[in-house]
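Asks: All chains, please: the whole structure from these sequences, using the hints.
Take the sequence shown: its letters are residues 115 to 419, numbered as in this note's numbering.
Honestly, I wouldn't trust all of these hints.
Simulated crosslink set (BS3-like; lysine-lysine; CA at most 27 Å straight-line) [as the list claims (entries may be wrong)]:
#, residue 1, residue 2
1, 411, 187
2, 128, 195
3, 187, 355
FRET-style restraints, in silico, Cβ to Cβ [what the hints assert, rightly or not]:
#, residue 1, residue 2, range
4, 195, 257, 33 to 43 Å
5, 197, 158, 36 to 46 Å
6, 220, 147, 38 to 48 Å
7, 250, 161, 28 to 38 Å
For the record, the hints were derived by calculation from the structure and aren't laboratory data.
This structure is a prediction, so every number in the text was calculated from the model and none was measured.
Ideal Cβ placement from N, Cα and C applies to all residues, glycine included.
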Amino acid sequence: MKRDRFNFHQIETKRIFVYLAIVFCVYYGLWLIAILLPDSAGNAIYSFLGFPVIFMGTPALSVFFTRKITCDKSAIAYNIKVWKSKKNALVAMFVPTVLVFVGAVLFYLIFPNDLDYSGNYIIQTFGSFGVPSEINFTVPSLLIIGMVVCTISAFCVPSWFIALGEDIGWQGYLLPLLCKKMTIRQAVLLIGALWGIAHAPLIYSGMNYGLDYAGAPYSGIAMMILFCMTIGIYMSFVTLKTNNCMYAAIIHGAVNIIGETPIFISLSTQSVLLGPNPSGVIGMSVLLIGAILLLFKLPNHKMNS
115 MKRDRFNFHQ IETKRIFVYL AIVFCVYYGL WLIAILLPDS AGNAIYSFLG FPVIFMGTPA
175 LSVFFTRKIT CDKSAIAYNI KVWKSKKNAL VAMFVPTVLV FVGAVLFYLI FPNDLDYSGN
235 YIIQTFGSFG VPSEINFTVP SLLIIGMVVC TISAFCVPSW FIALGEDIGW QGYLLPLLCK
295 KMTIRQAVLL IGALWGIAHA PLIYSGMNYG LDYAGAPYSG IAMMILFCMT IGIYMSFVTL
355 KTNNCMYAAI IHGAVNIIGE TPIFISLSTQ SVLLGPNPSG VIGMSVLLIG AILLLFKLPN
415 HKMNS
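Replies: Given below as structure tokens:
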């Protein structure tokens with residue numbers, strides 16, 4: 115009996131390391147190739163790695179190979195029927211999304227001179243899609259637009275399934291394994307940290323933060339790890355509560371959309387490490403406070419137990 119239990123724990127450990135080895139070999143292997151190649155070729159590798167099918171699909175593919183290698187036939191914490199629990203679905207759709215919106219509002223309250231009422235960035239970026247050549251925003255109109263974006267982000271179903279490629283790996287597969295090896299709180303924090311470290315090649319190449327900020331690119335990598343740990347708490351909470359990582363994908367997809375919009379009305383006079391996007395400390399602040407509170411309310415039960 116003791117031998118069986120020992121073997122069980124050994125196979126769980128093996129699955130954790132096989133999954134992580136595949137994920138990081140892909141991400142960091144491509145990163146190393148990009149660094150070693152000339153600039154043009156290296157940039158092409160970074161673009162390839164940053165393509166959603168590649169970056170977000172790698173964790174899902176890693177699950178497939180890990181299960182094959184370790185003969186894992188256990189159920190994955192995934193179910194597409196999210197509306198069986200409307201409450202959890204609505205919480206996943208709106209709570210982190212609204213907190214990101216509030217964080218952006220807080221940033222512009224602190225730095226009101228950074229607010230671009232003329233919408234120059236929007237005109238330059240989306241002018242070819244029919245955006246007017248002249249825009250005159252007001253504070254009320256920006257708040258209304260922000261609430262509309264919150265709603266669109268929450269209900270953008272395609273973004274859920276794009277995000278699912280990552281979340282079925284980190285939340286649906288790795289989280290239950292880690293919960294069997296350590297406390298739930300430790301597992302949740304570790305998942306977030308590993309997920310953030312996985313983003314290091316993209317941050318190094320300039321994604322999210324660019325390359326012109328204090329301590330670049332290493333301060334950006336550290337900030338991304340903090341952001342992934344923060345949003346990861348929300349994602350792990352709903353996954354643990356429902357035994358279904360699809361709710362995490364809803365959060366991830368919604369935050370991916372609204373998280374990139376605050377910069378559209380910024381004059382960019384402040385460091386990206388501050389905000390207004392949630393990848394900056396002020397933009398993230400409200401989300402972070404909620405995550406700290408949520409960390410102490412994590413479900414006590416372990417998934418698939």
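Asks: CB of residue 250 to CB of residue 161, is that within 28 to 38 Å?
Replies: 36 Å, holds
Asks: Against the 27 Å threshold, does the CA-CA distance of residue 187 and residue 355 hold or violate the hint?
Replies: Status holds; Cα separation ~22 Å.
Asks: Is it true that residue 220 and residue 147 lie within 38 to 48 Å of each other by Cβ?
Replies: 40 Å, holds
Asks: Need the status of pair residue 128, residue 195: alpha-carbon distance at most 27 Å?
Replies: 31 Å, violated
Asks: Check the following: the C-beta atoms of residue 197 and residue 158 are separated by a distance inside 36 to 46 Å.
Replies: 41 Å, holds
Asks: Residue 411 and residue 187 were given as a pair; does the straight-line alpha-carbon distance stay at or below 27 Å?
Replies: Roughly 31 Å between the alpha carbons, so the hint for residue 411 and residue 187 is violated.
Asks: When you take the CB atoms of residue 195 and residue 257, is the distance between them in 33 to 43 Å?
Replies: The hinted range 33 to 43 Å holds for residue 195 and residue 257, with Cβ atoms some 35 Å apart.
Violated hints, in rising order: 1, 2; the structure is consistent with all others.
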